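K.L.:
For the protein sequence lines, the chains are A and B, in the order given. Take 9 as the starting number for the first sequence in my numbering and just add one per residue. Take 147 as the starting number for the second sequence in my numbering and just add one per residue.
FYI, nobody ran anything at the bench for these hints, they're computed from the structure.
To give an idea of the interface, some chain B residues facing chain A are shown, with a C-beta separation under 7 Å as derived from the structure:
#, residue
1, 276
2, 277
3, 280
4, 308
5, 309
6, 310
7, 402
8, 403
9, 404
10, 405
11, 406
12, 407
Source: prediction; values computed, not measured. Where is the CB? At the ideal position from N, CA and C, for every residue including glycine.
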Amino acid sequence: MSINLRPTSLAKLGDDRLQITWNDGRIGTIAWNTLREKCPCASCNEDRHRIFEPIAKPSHDGLSLRVLQEKEIPKHGPAKATSVAPVGNYAYKIVWSDGHDTGIFTFEFLESLCDWK
Amino acid sequence: MNSKIKYIVAVASGKGGVGKSTVAVNLAVALAKQGHRVGLADGDILGPTIGKMVGVKQIDQRTQSLPIEKYGIKIMSSAFISAPGQANIMRGPMVGKYVVAYISQIPWGELDFLIVDLPPGTGDAQLSLCQEVPPTGALLVTMPQDVSLEIVRRGAQMFEQLKVPILGVVENMSYFRGDDGKDYAIFGSGGGAECAEEYGIPLLAKLAIVPQVATQGDAGDPIVHSHPDSEVAKQYLALATAVEERCKGVMGEAELPTLSL
Numbered sequence: 009m010s011i012n013l014r015p016t017s018l019a020k021l022g023d024d025r026l027q028i029t030w031n032d033g034r035i036g037t038i039a040w041n042t043l044r045e046k047c048p049c050a051s052c053n054e055d056r057h058r059i060f061e062p063i064a065k066p067s068h069d070g071l072s073l074r075v076l077q078e079k080e081i082p083k084h085g086p087a088k089a090t091s092v093a094p095v096g097n098y099a100y101k102i103v104w105s106d107g108h109d110t111g112i113f114t115f116e117f118l119e120s121l122c123d124w125k
Numbered sequence: 147m148n149s150k151i152k153y154i155v156a157v158a159s160g161k162g163g164v165g166k167s168t169v170a171v172n173l174a175v176a177l178a179k180q181g182h183r184v185g186l187a188d189g190d191i192l193g194p195t196i197g198k199m200v201g202v203k204q205i206d207q208r209t210q211s212l213p214i215e216k217y218g219i220k221i222m223s224s225a226f227i228s229a230p231g232q233a234n235i236m237r238g239p240m241v242g243k244y245v246v247a248y249i250s251q252i253p254w255g256e257l258d259f260l261i262v263d264l265p266p267g268t269g270d271a272q273l274s275l276c277q278e279v280p281p282t283g284a285l286l287v288t289m290p291q292d293v294s295l296e297i298v299r300r301g302a303q304m305f306e307q308l309k310v311p312i313l314g315v316v317e318n319m320s321y322f323r324g325d326d327g328k329d330y331a332i333f334g335s336g337g338g339a340e341c342a343e344e345y346g347i348p349l350l351a352k353l354a355i356v357p358q359v360a361t362q363g364d365a366g367d368p369i370v371h372s373h374p375d376s377e378v379a380k381q382y383l384a385l386a387t388a389v390e391e392r393c394k395g396v397m398g399e400a401e402l403p404t405l406s407l
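Using the sequences and the hints, build the whole thing.
P.N.:
Here is the structure:
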C-alpha cells in the first residue's frame, strides 16, 4: 500500500509559484496559474470540454460566474490562491480569491504537476 | 480534527450483514476493559443498530446528555435521537454531515479510542469521514466466503485511495465449535487470510460463531461484557490488543502542512 508520499512543507515561492517539499526530500514547484488551469473539480472539467463562448450564458440564478477558460487566464491573476489546506490524508484543497474551492488535488496529481529543479 | 481523541478507528466493510456493528460494540467494550477511554460513534445514520445492541432507546435530551455512557464506554447513535421504529430518511450528503458531526460535535472529552461503526459501502458516509476527520485507520470486517471478500476488497481499495491506513482484517463468523469439540467452517474458510494477503495487511482476528453473540446483541448486553470469560470474548480482547498495536504502528506520520496566503 503506497501511503507514503506526502508533503512535509508548503511555501510561497515569489509571486507566482507554490513550492512543495515532499517527504522523500524532493522539492518541486508549481505555478499557481497551472494549478488553476488544471483544477480537477467536476465543473472545471466540464468547462474544459465546453466550446469557448466570450460571454457566459446567465445561469438559472441570474449569475454568470464560471470558471475561466485557459486563454482567459492572465499571466498574473486575477484569481489568487488564498489557502492550501489538507483534505483527509490524501489531498489538498485550494481556495481561490474568486471563491472557487471545489478542486481536490491528490498528492499524486500535485506530484505530477511539479517542476523539479 | 479533534486533538483530544488519540486514535479514531473506522470499522468498515463493503458489504452489509457481516457483523460490523457487533464487532464495533464488542471491540469498544474490550478496549475499555483494558483500561482505555473509549467512545463509540454509530456512523450508520440511516440504519442505526448500536442503540439496540447496548440496550438504549431514544433518550430525553432535556434530562440526559449525549454521548450516553454504558458498559464503560461513551456512545452516540441516531437511535438515541429518533423515536423507536422511526425511519431516518435523508440524502447522501446529509448522511455525510451527520457522520462528521457525530465525531466533531459530540462532547467526547478525552478519549484513547473512538470507534466509528460505518454503514456498508463506499459512499458518502465513508468519503466524508475520510476527507474531513480523517481516521487513524480502518478495520475491515469480512466473512470467510468468497462473495463477502469480493465486496470487502472494494472497501480496501477505497481506503487505499484515500490513504487511510488499513489496520487489519477481522474475519467474523469464522467457524463454529460443536459440542464434539470440532471446528466447523460453516461459511467456508481462508477468506480473511486471502484478503489480508492480497493487500499485505494483517488478519487480526478470526471470530467464532457463538449463538450468544447474537442473543446478547439483541438483549442489549454485548458478549464481552456479559460473558467476559467466553472464548469469543477472549478473541475480542486479543483483537483489542492487536488494534492498539496497529494504531501505534500507523501513527507517527507528521501532520500535513497548511498554507495561508
